[in-house]
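Enquirer: One-letter residues, chain by chain:
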Amino acid sequence: MIVVGRRWVWLVGGIVALALMIGVSLAGGGMYSLLPVIPPHDGCEGAMEWGFWMSSGETVVTADPPTGELMIVIDVSTRTLTLMADGQPFKKWPCAVGKPSTPSPIGEWKVISKSYNWGGGFGSRWHGLNVPWGIYGIHGTNKPGSIGTAASGGCIRMFNRHVEELFQYTKVGTPVVITGRKIYPSFSRILKQGNTGRDVVALQLRLRDAGFDIGWADGRYGPATVQAIKALQSLYGLPATGEADNNVYYLLNLK
Amino acid sequence: MKAVTDVKERVGRVWRATIAIGLIAMLLMALMASGCRRKVGDQDWSFVPDPGAEIDPTRTYTIELWDYDLPISWADGNYQTFVDEVIASFTELYPNVQVVYRQLDYETGSEELAEALREGTPPDLYMNFGPHHALHPRLQLPVEGYLSEEDLAGFEPIALSLLSYKAGIWAWPRWLAVQTWAGNRALLEEAGANTERIQQEGWTWEEFIGLAEAVQREKSHVYGLVTNPKPVLLFNHIMRGCGASALFFAGEGAALYEVAAQEPPEGSGGGEGEGDEGEPPAQDIAPPVPGWSPGQIETALGLVKELRDKSLLPLAGRGYERPLEYFWEHRAMAMAGFGTWVWHQSAWRQKRIDKRDLYPAKGNVNVVLLPIPHLEGQAVAAPVSCAALIPFRQAEYKGDDHTRVVMAFAKHFITGMGAWPAAELGHVPPLIMDQQLWHQEIQLDDANGRFIVDYCRQGLAPFGADPTVAQAETEFRESILTPALEGFIGGDIEPEELVERLTRGLDRLDPVPRDP
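For the record, the sequence lines run as chains Y and A.
So our numbering is basically just the index in the first sequence, starting at one, shifted up by 1.
So our numbering is basically just the index in the second sequence, starting at one, shifted up by 64.
Errors might be hidden in some of the hints.
[As the list claims (entries may be wrong)] No more than 27 Å apart at the CA atoms, straight line, and that leaves these computed lysine-lysine pairs for DSSO-like:
| # | chain 1 | residue 1 | chain 2 | residue 2 |
| --- | --- | --- | --- | --- |
| 1 | Y | K193 | A | K294 |
| 2 | Y | K231 | A | K415 |
| 3 | Y | K183 | A | K419 |
No wet-lab data here; the hints were simulated from the structure.
Hey, can you work out the whole structure from these sequences and the hints?
Expert: Structure follows, in structure tokens:
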């Protein structure tokens with residue numbers, strides 16, 4: 002009779018379990034990874050090298066697809082993602098949003114890229130957003146327990162089966178509005194054409210509240226924002242420079 | 065041979081004569097044809113449409129309005145929503161009328177209008193912020209024929225004066241914008257000011273300087289005055305405080321559009337307060353007169369220099385460019401060169417503070433609107449301008465019935481709910497009956513609201529909408545006054561030189577014929 006020590010049992014069992022987990026992960030598809038892999042930092046600021054590969058992973062959609070103009074609305078306070086069709090809610094899913102230290106970018110964005118199976122922390126689908134100060138997206142996850150919490154580096158996480166369904170409906174160019182939290186930048190700089198940032202988003206939202214048409218609050222100080230600032234300055238007797246300085250911030254009650 | 069040559073010459077002469085006669089005939093016909101289309105009004109400012117022309121119910125009229133976006137919004141809409149509602153309410157009354165509405169860009173709108181006027185294709189109505197409203201001597205249409213006596217009596221007199229020229233009224237007033245000073249009530253009262261009395265009766269320069277110095281003694285970081293970075297605005301205010309009501313003198317040849325002091329009718333927004341009955345009439349108060357004299361210019365520059373030398377006004381590069389920041393951060397006792405929207409802004413700030421969207425370190429400023437300080441014994445002409453809808457005809461005139469439709473729409477646009485944009489922007493509706501609505505809708509603080517209307521009634525328009533005076537004023541302000549004042553504020557030009565420069569410029573540009 003071979004007597005096997007308890008340590009060896011645990012060791013062999015662990016190796017077998019590990020092999021199973023790796024095998025399941027590599028199988029991909031809609032299954033969750035069982036491997037306790039620390040995912041790459043999702044939603045980081047600044048440049049990040051990444052690559053993606055395409056697979057034919059398809060998800061069978063059981064519901065009728067939405068019709069009309071689509072828009073994604075993400076409410077970070079309720080941690081929900083709603084797909085709107087012609088202004089009406091089509092479907093709503095839970096999601097995870099950025100941690101307080103790495104908040105999700107409040108503003109109005111667009112989907113600029115779509116890809117499959119990044120794997121790991123990015124799950125089975127990726128929607129890239131045109132946030133000018135970092136790489137953010139809507140993607141799947143290998144941490145389903147985080148859904149419904151503020152856990153990410155700023156990206157929006159969904160269950161893989163949900164993001165796969167969403168992926169079927171969206172296109173590059175689909176608008177994405179992230180809302181649900183007030184932003185309080187310091188407005189410590191003079192903003193001018195070409196600037197980007199959270200302060201630009203806050204300025205654009207405030208201009209819109211005040212009745213000016215700035216197009217999208219996309220954090221880019223472009224011609225529409227310049228025009229709105231000049232109109233504001235002209236209307237209130239200030240020199241119409243098109244740059245947002247302290248007078249503009251106080252005029253808009255941002256300071 | 066000779067005979068053949070003679071015949072050829074004769075034939076040639078006949079052909080040449082025939083061609084010449086033909087050309088002359090065509091020219092005469094063209095002249096006659098244009099003469100048939102000639103209408104009274106080929107002289108400048110003389111076109112008079114027939115206000116009684118019948119509107120043809122079988123004809124579809126299309127009228128065009130060029131406007132600018134206004135920063136007005138509420139939960140369910142914005143200025144465009146408001147315009148859509150006004151147009152819809154008009155087309156309900158006139159189903160055979162289509163209104164084409166276009167919003168212009170603030171930067172390029174006036175150029176677009178100028179281009180359209182050059183081409184003879186202006187819109188039927190154009191929103192003009194002023195201050196000058198006589199824009200085209202042949203294509204602009206007078207409106208007084210479409211106003212009854214009762215209509216005329218319902219307008220603030222200053223509104224009509226600002227739009228009058230050569231016995232005509234040349235636009236439909238939308239709102240009156242008056243520039244006042246804004247005071248920090250708490251700072252003023254700490255220094256011993258009776259803000260209610262100042263608001264009602266005015267204050268002298270001595271009183272203002274005294275209060276500013278008192279505030280600064282207690283709080284050295286607080287300035288007596290901050291001002292709009294455009295120096296011409298403050299200087300214009302100071303000149304008014306010295307008794308000038310306009311840049312140029314009114315000579316014998318000038319038409320003066322005097323505004324007679326009027327008691328407001330019952331139910332108007334202003335003048336509801338009880339006056340002191342039995343108070344003796346003011347004595348030795350000099351009325352404001354048109355014209356900047358060298359003496360007045362020198363006095364005004366002396367006052368600016370006093371503010372600068374006593375550090376009551378921040379210097380360029382040290383806060384001069386940040387008036388709103390200093391005012392809202394309790395670093396200025398008073399602010400000049402802005403409109404009455406400042407009190408409105410105080411209310412907006414309070415809403416944001418209440419919603420915890422704004423956290424000013426020292427809380428909100430309790431704003432009291434104040435008149436421009438004046439020299440002892442001098443009345444002040446308040447700086448008032450009028451925004452208005454200007455009606456135009458096109459070079460290919462569409463008919464008096466079309467003009468009647470345009471005027472009906474303009475009247476509809478400025479009355480009733482038309483007062484709402486004025487209220488939202490903090491301006492005064494020109495129609496007295498709308499001022500009551502204005503007070504109710506915007507829940508205006510009574511004292512500030514009464515003051516705005518009363519101060520508007522202290523406005524004067526000695527030259528009305530006279531375009532030659534307007535052009536001269538614009539040229540003086542842009543090419544002479546603004547650069548000179550910037551040099552003075554920056555310390556590059558001494559007062560004596562500035563007085564001379566301005567006086568020379570006024571003499572050169574004076575459009576008013578003087579007595580020989």
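Enquirer: Against this structure, judge whether each hint is valid.
Expert: Outcome of the hint check:
With a CA separation close to 21 Å, the supplied pair K193(Y) and K294(A) stays within the 27 Å bound. Under the criterion of a C-alpha separation no larger than 27 Å, the hint pairing K231(Y) with K415(A) is consistent with the structure, at around 25 Å. Distance hint between K183(Y) and K419(A) is fulfilled; the C-alpha atoms sit about 11 Å from each other, no more than 27 Å.
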